[in-house]
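Asker: Sequence:
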Amino acid sequence: MLERLFPRRAPSPKPLPQPNAQLALGALLVRVAMANRQYVAAEVAQIDKTLAATFGLKPLEAAKLRAECEALERHAPGTPEFTQILRDEVPYADRKALGDAMWAVAMADGRRDDDEEVQLLAIETALGLSDEDIAAARKNALDGL
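Anchor point for the sequence shown: position 57 equals 54 in our numbering, and the numbering is continuous, going up by one each time.
The hints are simulated quantities; they were obtained by calculation from the structure and are not laboratory data.
Cβ atoms here follow ideal geometry from the backbone N, Cα and C, with glycine treated the same way.
Wrong hints could be hidden among the right ones.
Stated by the list, open to error - Here are the computed lysine-lysine pairs in the PhoX-like style, where the Cα-Cα straight-line distance is at most 25 Å:
1. Lys93 - Lys136
2. Lys136 - Lys61
3. Lys46 - Lys93
4. Lys61 - Lys46
5. Lys93 - Lys55
To be verified - Here are the computed distance ranges between Cβ atoms for each label pair:
6. His72 - Thr122: 35 to 45 Å
7. Lys55 - Arg109: 28 to 38 Å
8. Lys61 - Val37: 14 to 24 Å
9. Glu65 - Ala38: 13 to 23 Å
10. Asp85 - Arg108: 26 to 36 Å
11. Pro88 - Asp128: 18 to 28 Å
12. Arg108 - Ala132: 29 to 39 Å
13. Leu57 - Asp140: 24 to 34 Å
14. Ala132 - Leu57: 34 to 44 Å
15. Glu129 - Ala64: 17 to 27 Å
16. Lys136 - Lys61: 31 to 41 Å
17. Lys55 - Asp128: 16 to 26 Å
18. Leu142 - Tyr36: 11 to 21 Å
Kindly produce the complete structure, drawing on both the sequences and the hints.
Answerer: Quick look at the structure:
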């Protein structure tokens, strides 16, 4: 009865963290995985693996970072803002490796998906990767199927 008289207020949402290279990469990985509107366990595991390897994190730390990146991806600005952070903070060779990591996430479910490939091309282009490097990353990922 008290609930009806004094309904609980929804808690105020926490402010989103200011994106840095870790959060920007994680959010882009999540964005690629969700491009086809399916977010499967294999993609989640690949994102965690990529975050752990890239930033030297333990599995639990990588999972926590991914969870934060999922929230950021849902409510944050578009791809250009994330890629600009990475272009500013990450050398080209490492951005090229990020492109490869994004392909690994997209292919983690063992299927090609046009929506994921379109999202990947947009991200790779925004990261400033060359056409040759984009084509090589795509070929390597698709050869692995």
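Asker: How does the Cβ-Cβ distance of histidine 72 and threonine 122 compare with 35 to 45 Å: does it lie in that range?
Answerer: 24 Å, violated
Asker: Quick check: does the Cβ-Cβ distance between lysine 55 and aspartate 128 fall within 16 to 26 Å?
Answerer: At 37 Å between Cβs, range violated.
Asker: Would you say the C-beta atoms of aspartate 85 and arginine 108 sit inside 26 to 36 Å of each other?
Answerer: The hinted range 26 to 36 Å holds for aspartate 85 and arginine 108, with Cβ atoms some 34 Å apart.
Asker: Starting from the range 31 to 41 Å, see whether the pair lysine 136 and lysine 61 falls in it by beta-carbon distance.
Answerer: Given a distance of about 34 Å, which is inside 31 to 41 Å, the answer is holds.
Asker: Is 29 to 39 Å right for how far apart the beta carbons of arginine 108 and alanine 132 are?
Answerer: 20 Å, violated
Asker: For the pair supplied as a hint, lysine 61 and lysine 46, is the alpha-carbon distance within the 25 Å limit?
Answerer: OK: lysine 61 and lysine 46 at ~12 Å, within 25 Å.
Asker: For the pair proline 88 and aspartate 128, does the Cβ-Cβ distance stay inside 18 to 28 Å?
Answerer: The hint (18 to 28 Å, Cβ to Cβ) holds, given that proline 88 and aspartate 128 are roughly 19 Å apart.
Asker: Range hint 13 to 23 Å: satisfied by the CB atoms of glutamate 65 and alanine 38?
Answerer: 19 Å, holds
Asker: Does the Cβ pair leucine 57, aspartate 140 satisfy 24 to 34 Å?
Answerer: The hint (24 to 34 Å, Cβ to Cβ) holds, given that leucine 57 and aspartate 140 are roughly 33 Å apart.
Asker: Tell me if the straight-line CA distance from lysine 46 to lysine 93 falls inside 25 Å.
Answerer: 17 Å, holds
Asker: Please test the hint of 28 to 38 Å on the beta carbon pair from lysine 55 and arginine 109.
Answerer: With Cβ atoms ~32 Å apart, the hint holds.
Asker: Under the criterion that the straight-line Cα-Cα distance not exceed 25 Å, is the pair lysine 93, lysine 136 satisfied?
Answerer: 14 Å, holds
In the structure shown, a violation is registered for the earlier hints numbered 2, 6, 12, 15, 17, in ascending order.
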